[in-house]
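**Q** Its first residue numbered 1, the sequence shown is counted upward by one per residue in the UniProt record's numbering.
Derived from the structure by calculation, the hints contain no laboratory data.
Among these hints, one or two may not hold up.
[To be verified] Across the chosen pairs, the derived CB separations fall in these ranges: (1) 108 with 40: 41 to 51 Å; (2) 112 with 50: 21 to 31 Å; (3) 83 with 118: 30 to 40 Å; (4) 85 with 115: 36 to 46 Å; (5) 57 with 114: 32 to 42 Å; (6) 75 with 116: 48 to 58 Å; (7) 117 with 37: 11 to 21 Å; (8) 134 with 102: 13 to 23 Å; (9) 108 with 134: 29 to 39 Å; (10) 106 with 53: 18 to 28 Å; (11) 114 with 47: 30 to 40 Å; (12) 90 with 123: 22 to 32 Å.
[To be verified] Taking lysine to any residue pairs in the SDA-like style, the calculated list, with each CA pair at most 25 Å apart, reads: (13) 39 with 131; (14) 35 with 46; (15) 39 with 51; (16) 39 with 134; (17) 39 with 84; (18) 39 with 86; (19) 39 with 83; (20) 39 with 119.
Values in this document were obtained by computation on a predicted structure and should not be read as measured data.
Where a beta carbon is used, it is the ideal one built from N, C-alpha and C, also for glycine.
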Amino acid sequence: MPTDSTESATSSPRAAATAAPLRERLREALSGAIKDRDKVALSVLRSTLAAIDNAEAVARPASADRRQALEQIPIGAGSAEAPRRELTAQQIEQIVRAELAEREAAARGYQRAGRIEHAERLRGEIRVLAGHLSPGRAPARPRRPGS
Numbered sequence: 001m002p003t004d005s006t007e008s009a010t011s012s013p014r015a016a017a018t019a020a021p022l023r024e025r026l027r028e029a030l031s032g033a034i035k036d037r038d039k040v041a042l043s044v045l046r047s048t049l050a051a052i053d054n055a056e057a058v059a060r061p062a063s064a065d066r067r068q069a070l071e072q073i074p075i076g077a078g079s080a081e082a083p084r085r086e087l088t089a090q091q092i093e094q095i096v097r098a099e100l101a102e103r104e105a106a107a108r109g110y111q112r113a114g115r116i117e118h119a120e121r122l123r124g125e126i127r128v129l130a131g132h133l134s135p136g137r138a139p140a141r142p143r144r145p146g147s
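Make the full structure from the sequences, and use the hints.
**A** What follows is the structure, given as structure tokens:
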């Protein structure tokens, strides 16, 4: 996991932007959204954290266990653990910005189609994510690292 400054975070997500790593801030916000029963924040935070986790996944050869005899295949605690790659703070921010860009594009599409309620929900998700990003950065590009 990437490490940034680990000073104590303040109550504002934007003010805390330099105090804790982005993933940590998103996880803390997820806990708060669960406690507050904030469905919009809960949805976008879970989705974004899942996108980060997926980006860390390392492809495993499909035939890795097929070449071993049955008694050689590892079983038990930890045997199903997949290798993970460490993402930098910049890569994590890029993923979050890609999630933001996808929602912005979808909100525009819903708006054009007259689906105002869906567009507004996405705009709420956009506000949640944007509140956790460092101010003054370049706009999002809809692509993920390694893709």
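**Q** Does each hint fit the structure? Answer for all of them.
**A** Status of the hints after comparison with the structure:
no., hint, result
1, 108 with 40: 41 to 51 Å, "violated (18 Å)"
2, 112 with 50: 21 to 31 Å, "holds (28 Å)"
3, 83 with 118: 30 to 40 Å, "holds (38 Å)"
4, 85 with 115: 36 to 46 Å, "holds (38 Å)"
5, 57 with 114: 32 to 42 Å, "holds (38 Å)"
6, 75 with 116: 48 to 58 Å, "holds (53 Å)"
7, 117 with 37: 11 to 21 Å, "holds (20 Å)"
8, 134 with 102: 13 to 23 Å, "holds (19 Å)"
9, 108 with 134: 29 to 39 Å, "violated (24 Å)"
10, 106 with 53: 18 to 28 Å, "holds (21 Å)"
11, 114 with 47: 30 to 40 Å, "violated (25 Å)"
12, 90 with 123: 22 to 32 Å, "holds (26 Å)"
13, 39 with 131, "holds (16 Å)"
14, 35 with 46, "holds (14 Å)"
15, 39 with 51, "holds (18 Å)"
16, 39 with 134, "holds (24 Å)"
17, 39 with 84, "violated (29 Å)"
18, 39 with 86, "violated (30 Å)"
19, 39 with 83, "violated (32 Å)"
20, 39 with 119, "holds (15 Å)"
Comparing the model with each earlier hint shows violations of hints 1, 9, 11, 17, 18, 19; every other hint is respected.
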